[in-house]
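A.B. asks: Working from the sequences, and respecting the hints, build out all of it.
Here are the chains, one letter per residue:
Number of protein chains: 6
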Amino acid sequence: MSRIDGRTPEQLRPVTIERGWSKHAEGSVLISFGDTKVLCTASVTEGVPRWRKGSGEGWVTGEYSMLPRATNTRGDRESVRGKIGGRTHEISRLIGRSLRAVIDYKALGENTVVLDCDVLQADGGTRTAAVTGAYVALADAVAWAQQKKIVKAGRKPLTGTVAAVSVGIVGATPLLDLCYEEDVRAETDMNVVCTGDGRFVEVQGTAEAEPFDREELNALLDLAAGGCADLTALQTLALEATL
Amino acid sequence: MSRIDGRTPEQLRPVTIERGWSKHAEGSVLISFGDTKVLCTASVTEGVPRWRKGSGEGWVTGEYSMLPRATNTRGDRESVRGKIGGRTHEISRLIGRSLRAVIDYKALGENTVVLDCDVLQADGGTRTAAVTGAYVALADAVAWAQQKKIVKAGRKPLTGTVAAVSVGIVGATPLLDLCYEEDVRAETDMNVVCTGDGRFVEVQGTAEAEPFDREELNALLDLAAGGCADLTALQTLALEATL
Amino acid sequence: MSRIDGRTPEQLRPVTIERGWSKHAEGSVLISFGDTKVLCTASVTEGVPRWRKGSGEGWVTGEYSMLPRATNTRGDRESVRGKIGGRTHEISRLIGRSLRAVIDYKALGENTVVLDCDVLQADGGTRTAAVTGAYVALADAVAWAQQKKIVKAGRKPLTGTVAAVSVGIVGATPLLDLCYEEDVRAETDMNVVCTGDGRFVEVQGTAEAEPFDREELNALLDLAAGGCADLTALQTLALEATL
Amino acid sequence: MSRIDGRTPEQLRPVTIERGWSKHAEGSVLISFGDTKVLCTASVTEGVPRWRKGSGEGWVTGEYSMLPRATNTRGDRESVRGKIGGRTHEISRLIGRSLRAVIDYKALGENTVVLDCDVLQADGGTRTAAVTGAYVALADAVAWAQQKKIVKAGRKPLTGTVAAVSVGIVGATPLLDLCYEEDVRAETDMNVVCTGDGRFVEVQGTAEAEPFDREELNALLDLAAGGCADLTALQTLALEATL
Amino acid sequence: MSRIDGRTPEQLRPVTIERGWSKHAEGSVLISFGDTKVLCTASVTEGVPRWRKGSGEGWVTGEYSMLPRATNTRGDRESVRGKIGGRTHEISRLIGRSLRAVIDYKALGENTVVLDCDVLQADGGTRTAAVTGAYVALADAVAWAQQKKIVKAGRKPLTGTVAAVSVGIVGATPLLDLCYEEDVRAETDMNVVCTGDGRFVEVQGTAEAEPFDREELNALLDLAAGGCADLTALQTLALEATL
Amino acid sequence: MSRIDGRTPEQLRPVTIERGWSKHAEGSVLISFGDTKVLCTASVTEGVPRWRKGSGEGWVTGEYSMLPRATNTRGDRESVRGKIGGRTHEISRLIGRSLRAVIDYKALGENTVVLDCDVLQADGGTRTAAVTGAYVALADAVAWAQQKKIVKAGRKPLTGTVAAVSVGIVGATPLLDLCYEEDVRAETDMNVVCTGDGRFVEVQGTAEAEPFDREELNALLDLAAGGCADLTALQTLALEATL
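In order, the protein sequence lines correspond to chains A, B, C, D, E and F. For the first sequence, our numbering assigns the number 1 to the initial residue and increments by one for each residue that follows. For the second sequence, our numbering assigns the number 1 to the initial residue and increments by one for each residue that follows. For the third sequence, our numbering assigns the number 1 to the initial residue and increments by one for each residue that follows. For the fourth sequence, our numbering assigns the number 1 to the initial residue and increments by one for each residue that follows. For the fifth sequence, our numbering assigns the number 1 to the initial residue and increments by one for each residue that follows. For the sixth sequence, our numbering assigns the number 1 to the initial residue and increments by one for each residue that follows.
Incorrect hints may appear among the rest.
Note that identical chains are pooled: a pair holds if it fits in a single copy or bridges any two copies.
[Stated by the list, open to error] Capping the alpha-carbon separation at 30 angstroms, the derived lysine-lysine pairs in DSS-like fashion look like this:
| no. | residue 1 | residue 2 |
| --- | --- | --- |
| 1 | 83 | 53 |
| 2 | 83 | 106 |
| 3 | 149 | 53 |
| 4 | 156 | 23 |
| 5 | 53 | 148 |
| 6 | 106 | 53 |
| 7 | 152 | 83 |
| 8 | 23 | 149 |
| 9 | 83 | 149 |
| 10 | 83 | 148 |
| 11 | 106 | 156 |
The hints are simulated quantities; they were obtained by calculation from the structure and are not laboratory data.
C.D. replies: Structure follows, in structure tokens:
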């Protein structure tokens, strides 16, 4: 039994990674997971937040947002409401933690990289596309900082690669990279962030309808590990191209 | 003496208008004026704000925002700061007023169109690109509403077309459609919104460095009227294509 | 055909300019344009905002607000709502820009003048009364700063004078200095800020009902230039009196 | 030993009560206690807050604010800061409670009166001037509502009069109606709100420097009762004049 | 005629003072006045707010809050609403002023003590329980600071003791320490803060239903003075125990 | 090698569950995991949020907060800052989701239960203590609603039990129920929410220092499942006692 868009359970949607999308940012990527499109920019600034000054160490943080009409129904702007919602906070924090997992703060020196992930169009998996695209933007930004000598010669701030994918159980079948329609029907929903060497950075599983058992959890983790490996290969391919 | 990008004083930057950019919005346009790129979506909802209920008349409003790294230096997100700045307020209001100038509220019926203009990349003239693109998105959204019978048969909510362009005096020369570098050097800066039949909807001129006299004002108005006519032609061309 | 208050089309309402209204502010003016009454205070502080420190240059800024019952129907306080509306933002910015047009930042030195314009009673034209009154308060504040040696001897921070007036087309007739009742019926509404030598600082025209053509625009600009000249004369007269 | 402005300890500053100051409000008073000037407007609206609907009873509430340059040093606007400070909250609540003490909610019917007290110039005692002026504005607004039949014929919403004054101990001497300079030097500061028949509505005494004993408290209460009686006479006089 | 909980008019509810409730704070007390329970913590930090730097003097401030379900009906969290209400502001300021009345700023040195009073369960008199408990927490925090040499040897920052109680007139009878049910029925409500030597720090009386006369005020002050003396004895007893 | 508090790796801290802590809430529990103390109240209100009206289904939501001095260093109040931080948002959402996992909305009917979890003292594991305590408060609140016939006779809104525990890898050893000191040293940190029948509701694992592999993940899941089973037994015991 095939999925609504004809994929097999362990198949990613078509992924595109367009580097250098913005002329201003030190790193910028327009990533798409099917109809989900996220613009990820990496902004390098010299200096670090106050609480980190004098440590000799850098900082990496993330901010996630959705354009009001990225979704099927227009949502209010958080700037107009005057406050950020819980979901936005949660995903911004996830992006920051995920990228920091592959950063050597000492090698980065007292510099800050902000990863802005703005969802231009949403069709499920926006946070995993954001993490996956942000890594590529970060890699370009770090390369830029190395070339500009903002990062000292010989220092390698990036200690690995990172990618993320969603998995879920829909109608008792574990599926990789859920689109929106699958996501709303999922009994269990999990977002997994992996490094390129196959280890876990984040595992966030939530029972949407029914609690899940260990066997289901294992099936989801297997699927996610495979999906992240595929995404890692696509990131590498994208970064090998000349910008 | 040519301009920094080689244009003549009365020449627009290359303009592209990509309709149907978003799969969700009733109308959506990615417009570019040179390196300025604005995503304009038009969202139709049935019903009107509370103060207009029972009037039989519709409403059109606009919201403008810039992605944090649309500019050369990253700006804080207004959602994170918890308040909208004066400039954002001012431009959002301008967009709403400009588009309402070509709307017949009665013909629209008690429906609302929200025009979201999000600047993905900025290089001067973001508000004028926003107005120009928003018109095309609005036209598509109105056509959609007519087809869906949300607008009653035979009703024509659009009474004309609208486009906008910036003009300014740089080094004593009046120039059309300023890019960022010209904008910061302008002695006088003016944004003009015109209807397709050459009348004015908004004229906003500001002396940045030196007050301007009537003659300079006239030269700027002439330039702007010509630029808006060019933009009107490009809008028409874009709307003639099959979506 | 005369106007609702018996004026000719090119006639200002009675204008009063009461200097030294407040015992605390370095400059203070209660200005009235007919029933519109605005209290304008100019506050001088040594030092400038952070982004201007060390430049040797001063800064001038404006804040506009309306008392809740300045209008016919009580409005909510913006402090209670916790945010400033778009209209307030827009006018505050206009006041700042208008007054900065006649300031020599170098001559002012690293000092800041804040112009607070609080509308005590509104009957149309509050922003133009605010700009016109703020100029007089600014002139008094600058004189105070010169006398206190906060501005260095021989320096002249004021490079000219500035005044503002509204004009509009009501029932096809261009009118000067609209009162509220005229304002709500205007097809086109324009606010014009001029220097004392007859040049323009701001021109903001908006089609409220119907787009306007170049001829109408010209008629409005002529009317406004005349009105500003009259206001300039009244400002001069007021400033010649001993405080 | 006389006071800094030559008054005796039990003497009020010159008090002026200017009724009908605003053309829009149902009741409006510009009151001055010496150099303290407060504009008090009373706005009548039909209907009551949600929690009171259907009760047949009205509501009276107060809002207090200071213009930024009402004081010697310019303060930030609470609307710009985005929140109301504790002092403003406290005084707004005091004004509401004080005026409600002389209101018969049933007689008022389901109508609301908002008392806006905006300090135009401050020299100590702004809250007591606000309460005293608000009473006069309220009386005018109630008379207006009676005349307009918004209050039913024969109903008397006002059950008495109310006035307020500050007292304090300065240099061991109890003083009435402190000006700013006395206020900052006061060891004890007390605000007292009385009805016209000499009873207390609010007694708020605070030891600023040194706790006070019962004897001092009694001396202050005696002074305050006398001051409120004087103010009641001035209110009555003002209200007897034809508006 | 006895009270709803069987007390005599001049009787406090059972009071418990549990010191050292929190393992983190320098001083911490869980105080109960009957069913009212307030957790008071005193946090000592070296340094003072910006406006006090270099003065050689310390600072003491208070913050009051109620858990959402401290009351019979759940209230919204002020953090979720995004602003602090007037009542919270008012009580926080009262706590700060009351405790500062017994502090010698010079002896405290440039150190700050924050008194957090969080109402875990409310049954009337939460602000008076907060002040009474905060004093004990402050005493423990000051002792800690003396022992840690944060306060210089020989310095005594505490100049006395402070306690607070509510009194009110219910059914024409003056009552001490009102529980919630009495509080809502009170015609007059008064909160009194006294030092241990019987002087007044704050007297805040409010006519809830009916203005009160001097005789009633005297009866309430007598009751309050007695109640504060009882509370002072209980504070002393609590502080004599070994922590 | 034993832990800093002498526990074995798979041992919980001493857990206490005090039901009926508050006299107002329909369910209330003071739960402690060692020195972590959380007050959990369950508030039942008839009716549901607007978006759920008419569905016949109920709603359960959670709010988490920490008292400012629950931690070793005083934190700012979120109500004073005017916004809720990302961590608070994240945990509030976790609590809501966790408890909804054991709710039959239809059986609950159109009623809402709000679970307030306020951390009175923090020593690691506050969110897991909150979920575990909130379940017991919810069970009491549901029983109350059944008895009051707010839930229809025969309906069982609770479909199971839920408990939560933290696990982490510290110095290469997987440990159950981390205290604060262990938490800051953990290489990997995981919070797990289980139902009483051993299935998972939430699994949130985060690599703090080093990404983790599948084997480590399995060891942590085993530990957590055991810990949740122990907590389930303690919940059952607590609920068997007569309130």
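A.B. asks: For the identical chains here, do residue 53 and residue 148 meet the 30 angstroms Cα criterion within one copy, between copies, both, or neither?
C.D. replies: both (22 angstroms within a copy, 28 angstroms between copies)
A.B. asks: Within a copy, between copies, both or neither: which one fits residue 83 and residue 149 at a CA-CA cutoff of 30 angstroms?
C.D. replies: Neither. Shortest intra-copy (38 angstroms) and inter-copy (36 angstroms) distances fail the 30 angstroms Cα cut-off.
A.B. asks: Is it within a copy, between copies, both, or neither that the alpha carbon of residue 83 lies no farther than 30 angstroms from that of residue 148?
C.D. replies: neither (37 angstroms within a copy, 35 angstroms between copies)
A.B. asks: With 30 angstroms as the alpha-carbon cut-off, assign the pair residue 106 and residue 156 to within, between, both or neither.
C.D. replies: Classified as within; 9 angstroms inside a copy, 47 angstroms across copies.
A.B. asks: My question is about residue 152 and residue 83: at a cut-off of 30 angstroms on alpha-carbon distance, are they close within one copy, between copies, both, or neither?
C.D. replies: Answer is neither; intra-copy 39 angstroms and inter-copy 38 angstroms both fail.
A.B. asks: Checking an output row: residue 156 and residue 23, CA cutoff 30 angstroms. Within, between, both or neither?
C.D. replies: Within one copy, since 25 angstroms is at most 30 angstroms while 41 angstroms is not.
A.B. asks: When Cα atoms must be at most 30 angstroms apart, do residue 106 and residue 53 count as within-copy, between-copy, both, or neither?
C.D. replies: Cα proximity of residue 106 and residue 53: one copy only (13 angstroms, versus 33 angstroms across).
A.B. asks: Can you give me the call for residue 83 and residue 106, within, between, both or neither, at a CA distance of at most 30 angstroms?
C.D. replies: Neither way: residue 83 and residue 106 sit 34 angstroms apart in one copy and 32 angstroms across, limit 30 angstroms.
A.B. asks: At most 30 angstroms between CA atoms: does that hold for residue 149 and residue 53 within a copy, between copies, both, or neither?
C.D. replies: The answer is both: 20 angstroms in one copy and 29 angstroms across copies each meet 30 angstroms.
A.B. asks: Between residue 83 and residue 53, at a C-alpha cutoff of 30 angstroms, which is it: within one copy, between copies, both, or neither?
C.D. replies: Both: 28 angstroms inside a copy, 25 angstroms across copies.
A.B. asks: Between copies, within a copy, both or neither: which fits residue 23 and residue 149 at Cα up to 30 angstroms?
C.D. replies: within (20 angstroms within a copy, 42 angstroms between copies)
Hint compliance for this structure: hints 2, 7, 9, 10 are not met, and every other hint is.
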